[in-house]
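2 protein chains.
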Amino acid sequence: MSKLKTQEHTPVTLSESLIGSLKEITGADNVFYDTESLEAYSHDETEDLSFPPQVVVKPDSTEQVSAILKLASAENIPVTPRGAGTGLSGGCLPLHGGIALSLERMNRILEIDTTNFICVTEPGVIVQTLQEAIEEKNLFYPVDPASRGSCFIGGNVAENSGGPRAVKYGVTKDFVLGLTAVLPNGDIIKTGGKLYKDVTGYNLTQTLVGSEGTLAVITEILLKLIPLPSLHLMLMIPFPSLEQAAKTVSAIMSAGIDPSALEFMERDAIIASREQLGTHIDYDDAAAHLLIELDGNNQDLIDERAEKIGEIAMAHEALDVLLAESKQKQEELWNIRRSLSEAVKSRSVYKEEDTVVPRDKIPELLSRIKELCARWKIASVCYGHAGDGNIHVNLLKDDLPDDVWNNGLDTMIRELFAIVVDLGGSLTGEHGVGYSQREYISIMKTPAELAIMKRVKDAFDPQGILNPGKIFPTE
Amino acid sequence: MSKLKTQEHTPVTLSESLIGSLKEITGADNVFYDTESLEAYSHDETEDLSFPPQVVVKPDSTEQVSAILKLASAENIPVTPRGAGTGLSGGCLPLHGGIALSLERMNRILEIDTTNFICVTEPGVIVQTLQEAIEEKNLFYPVDPASRGSCFIGGNVAENSGGPRAVKYGVTKDFVLGLTAVLPNGDIIKTGGKLYKDVTGYNLTQTLVGSEGTLAVITEILLKLIPLPSLHLMLMIPFPSLEQAAKTVSAIMSAGIDPSALEFMERDAIIASREQLGTHIDYDDAAAHLLIELDGNNQDLIDERAEKIGEIAMAHEALDVLLAESKQKQEELWNIRRSLSEAVKSRSVYKEEDTVVPRDKIPELLSRIKELCARWKIASVCYGHAGDGNIHVNLLKDDLPDDVWNNGLDTMIRELFAIVVDLGGSLTGEHGVGYSQREYISIMKTPAELAIMKRVKDAFDPQGILNPGKIFPTE
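Keeping their order, the protein sequence lines are chains A and B. Sequential numbering of the first sequence, starting at 3, is according to my numbering. Sequential numbering of the second sequence, starting at 3, is according to my numbering.
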């Protein structure tokens, strides 16, 4: 068994016969190699990256995925699995060319089991579509990244996606009870089951969740569901300083209140959103806002918690506490929050970091980031899931000369991550390492830690054909 | 690097110089090889098994554990980590002799962080001790296996322990945010952190939780804590048939009620407990009881749910619905539940199975088990965490002739597991595979699934020195 040896940017050549074999597996209609298709599958939502595959294949079943991987193993061809292409770390980019394996046709919800509270789904279902189908049965799958209207559940599982509701309900991994997955050699395995407890053998489910498509291709997912809360209340709270907003986050959580979202947005993010949406936002000149959601089934309990939050916020110099009780007003607030990423990024060339720290370190994280940015004269806009300590830091080029930006950015990011690690944090809370963060991982992980991860990778993918070039730094 | 080659029951011989080196690492006071010590560390709570080590070592720090494993790797000596020895699958038995590595001296609670709701602890802390220290801070670590008064948190992490409260709060894995662990080669790694979101690299935390001490030795644990609920209510509900009790379980859960315990106990278990404790139990002639706990912070909500449970139970022919509102009465009920295991097992030679099925399959599981046992003329007593579908099946020899028991048991267990697998279940919900279930694992896992697990084992432990002989079937 030989190891894959290709050069990034210098893709392997695929033979006519390989293309023919792929067409036999999926039908000729599901194999694409025209320039337009290759371009379309060359990027995701991560900055300005493009790595085209040589061929795009769209299988329709676990068996077809298995046949493709058997073929790729035999021919030593790189295979890069792909969901909806909404990732923010370049996880689905075919760095080494080869086969882009799109799961988009495997888009069936197989079962919503209302007795055991479990959903069985294929990976290519859009998260919002899945959530709505589940909510129709009065059940709830709460993990909703900002891209929920377009991202696939399979990509969420591969990346262990988070989102605002993680603060109360947890991230994707906390809902995955089992998987069907295809190993790089084509072997099909099942992990877990419709079971809330299961310790027969190693927990391969959780080894695969968040492995960024580098260990296996996920073709079926069992998700835990919970009862749908019937009541929601939202609060929008403007603050005169980042620090007071950040301290309020920790105070709310330490008080044992369990908001279903606790989002932080600094002024420039709010302004970018206001301009993008053309909407009015109260206190849009405040230094920062907290957006807080409470959910449950008892109005008194929700009101009680809202009142407590209001008190905590006012004790931290909040400018006001605005309530959104109607569904419509709540949707407006969520729209603001969900628009931030695109709005901020449309302002300038940018680089986004997905920092996470223990939540009581957020005030220090923010002040040290602002200090760092001032020193580098690089603008930054921060927002994110503050209840989890997960702050997205957008570094913006604005009018900075190209050479200053290009020469400085890498060093500045290393300094930024050094701060994060110093605060007991991690490089990425929910976006993944993928391609865009791989050179930084050794800031955080020791050689011994990287070595054991590499051995796990080799255990699953001895040839190194599955999503090559991701997670680990180049040598 | 050579692979470990020893025979179970024919342990390797340890040289004087190796013993000397161990004494240098931990101090001579913490190395034991007298017959009494070797016997004491030869068994756990799993049936009647005994595999003595050649030496017992009690390190006091991560660095000492690392030094021991470096030595063992160099000398190719088996090392079996051990918590409190309360396991139910023989996970800590030194099958191949060698070094028993006891974590009992690493028994310090390092931090209870009341701001971030995280506890940092060494592995040798007794779970109940840990829980009580946490509850003093008005926080909650809910995972409480029946052995909580004696088992170690490290063993709970190694086995991914469950217990009654898993039905609401989840199992051990759902609370582990990070680990310090020593690999078989002596490398020290840290995984996770004081972070509720973290996707930098593979999820080694969850690869290690539940790996039964076969991949690494866990020396420090970060646990998520939650706010302590202030109110509890318990219900004891007798039923005239197993079937009606089992159907009630599924009905309660499907109604979206979230009991913090939903335990099933059949008549013979109740009777064994009554005799063991010398206590009066109402309706002790009922075919089965459900023991249900509700917790929370709002009495009205608890009462409302209790009423709903009562209605569901009565609709399933419950004989009565008994409430336990006082702390004392509740403790009495928990005592009954926690006594079952020992009480049932004191009746006869036994073999315990730890079956788990989708919770709506419990009625069918129970009826098929009873049918199977009748056919084999083997008595069975069932009880367990029915809310999770996790039923402990105690097979009792009673007056059966030795040869009938000895010759039949293995085949009967295979038939039992075939039923479990047919119902979409798993061989073990919380006890682990360890030694006692390893020959059955291939009833459930395919050759491809076992092969990838074996490759994961090899990635962590290429020499095969760490807890050898566990999980995988003999060839």
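Treat the hints with care, since some could be wrong.
Copies of the same chain look alike in the list, so a pair counts if it works inside one copy or between any two.
Heads up, simulated DMTMM-like pairs for lysine to aspartate or glutamate below, C-alpha to C-alpha not over 20 Å straight-line [stated by the list, open to error]:
(1) Lys379 - Glu354
(2) Lys170 - Asp260
(3) Lys226 - Asp176
(4) Lys72 - Asp62
(5) Lys347 - Glu441
(6) Lys226 - Asp36
(7) Lys192 - Asp424
It is worth saying that the hints were derived from the structure and are not from the lab.
In rising order, the numbers of the hints this structure does not comply with: 5, 6
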